[in-house]
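Whenever a hint applies, use it, and build me the whole structure from the sequences.
Chains A and B, in that order, give the protein sequences. Be aware that the first sequence starts at 1254, since it is given in the numbering used here, and climbs by one per residue. Be aware that the second sequence starts at 171, since it is given in the numbering used here, and climbs by one per residue.
These are computed hints drawn from the structure, not numbers from a lab. For glycine and all other residues, C-beta sits at the position ideal for the given N, C-alpha and C. Careful: at least some of the hints might be erroneous.
[Claimed, not checked] 25 Å max Cα-Cα, derived PhoX-like pairs, lysine-lysine:
hint, chain 1, residue 1, chain 2, residue 2
1, B, 272, B, 299
2, B, 396, B, 381
3, B, 381, A, 1331
4, A, 1323, B, 381
[Claimed, not checked] Heads up, incomplete: computed chain A residues facing chain B, CB under 8 Å, no partners named:
hint, residue
5, 1330
6, 1445
7, 1446
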Amino acid sequence: MNTVLRLTICVLFCWINISNGQSKMVLIKGGTYLPLYGRDSLQVTIDDFDIDVYPVTNKQFLQFVIETPKWQRSMVKKLFADDNYLSQWESDTMLHENQSLNAPITNISWFAAKDYCDCQGKRLPTIDEWEYVAMANQKLPDARKLKTYNEFILSWYEKPKTFNNEIGSTFKNYWGVYDLHGLVWEWTLDFNSVLVSGESRKDVDNDSNLFCGSAAIGATDLMNYAAFMRYAIRGSVKARYTMKNLGFRCVKDKNQKTNENH
Amino acid sequence: MRIIKFIFILLLVGAPLNSCKESKAKQELAEIYQCPMKCEGEKTFDKPGSCSVCKMDLQPISKPSALLADPFEISDTSIFNLTTKWNTEEGKTIEVIDLKGKPLVMVMIYTTCKAACPRLVADMRNIEKQIPENKKEDLQYVLISIDPETDTPARLKKFAIENQMDGEQWTFLQGSISGVREFANVLAVKYKQISPMDFSHSNIISVFNPKGELVHQQEGLGVDNKETVDHILELLK
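Here you go:
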């Protein structure tokens, strides 16, 4: 009897802990794939990890800045965020009336996004991890060659102000993850590994491909173009920049392994 | 009763998981008091009162020097806002703020690098050569490894000796992987591991004033250092 009681309490307690402000995550089974602009165009191996089902919302970020005042608009250091940081908000701890609680948080810097994830015991996904999950459509883990998949992404690029939409308003992909395409761009942990300025000592990593035509010609046109946009954005932002269509979500290592984390 | 104990333990264990509230703001250290006659030598008290020997009122004294040596506020754009921990080539653990007080010349490298880094290091030495002899001590050169897994303090020390950069004015830093990523983002340095022993990276030398604010960045390899040196000399005036 005692044991049962203890077990119940334990389960209950764990559940409270997990549900307490933690957003829903799903498991991504690791694997090997060929990213469009990876290291030397080599296969990349991804370990198992958990990923947030949705991007972080206004509501969650609001809660975060209330608990962590250094990330409030008037408190944030210029080193860590530009002048547009949370610029849409009514005040330090209030959204604008036009902003939905369930819309993705945007206008946040990489530093803020990173700290948010760290505080949840999570981290930002690497580019390779993000791309790995995002190459899935509703049915397939890798739909990059499908015309419909690419057309969906490209048609999103033409839609204005999707950042005002609520989370979950795009499709649920193969892994059970929503909104990787169609809502907002997302920060990645190592976004600053995209070298596009040509200043690296040799263009070993094929980033020259980004701007040298190969991205625009050939059989996989659409696929390259859709990814090209993402990499180009990563290559052009700095960590303190904030954009109204750039949000984030967090991931967690499955084996408490220390990947790009600590 | 045992169950209550059990719940209590659970609560204790579970508590740290719960939140990441602002780490308790570093509290202003309370005033420190001392007997004006120093009856008990250098003994200090953290509350006002009277001296137990001469019965005179204790007087507030200045805060310990580490706290007092703060003639300037840390501004919004200062790199001293970073709170990450770093190991130096001497095996000490520091924060970036421990480097304050002198102009800083910073570069990111890795020691197994065969191509760009030797030239970046040469650029650093070249800059150092152009600093007048009597000012050499007034500068701090900081080399941060982008490969913290390979570049241990011992390895950095060896690298420093091999490159005749073992003097007081040279500091080598090993951070955590995420700390290095963050620091690179502050310096606007981009880098990517392209094989287990090789990285491609931006070649940027950054100059900071004693308050940790960015003054100048030099980009590229073997470029004319004149502008960088001028900025440094300006800071040393």
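query: Is it true that the CA of residue 272 (chain B) sits at most 25 Å from the CA of residue 299 (chain B)?
result: holds, 17 Å
- prompt: Holds or violated: residue 1446 (chain A) as interface residue toward chain B, Cβ cutoff 8 Å?
  reply: holds, 4 Å
- prompt: Is residue 1323 (chain A) close enough to residue 381 (chain B), meaning Cα to Cα at most 25 Å?
  reply: holds, 20 Å
field: Hinted contact residue 1330 (chain A) with chain B - closest CB pair below 8 Å
entry: This hint holds: residue 1330 (chain A) lies near chain B, its Cβ roughly 5 Å from the closest one there, short of 8 Å.
- prompt: Does residue 1445 (chain A) pass the interface check with chain B, least Cβ-Cβ distance below 8 Å?
  reply: Constraint on residue 1445 (chain A) satisfied, holds at 5 Å.
query: Between residue 381 (chain B) and residue 1331 (chain A), is the straight-line Cα distance small enough, at 25 Å or below?
result: holds, 14 Å
Agreement of residue 396 (chain B) and residue 381 (chain B) with the hint, judged by alpha carbon distance not exceeding 25 Å: holds, 23 Å
The structure agrees with every numbered hint stated previously.
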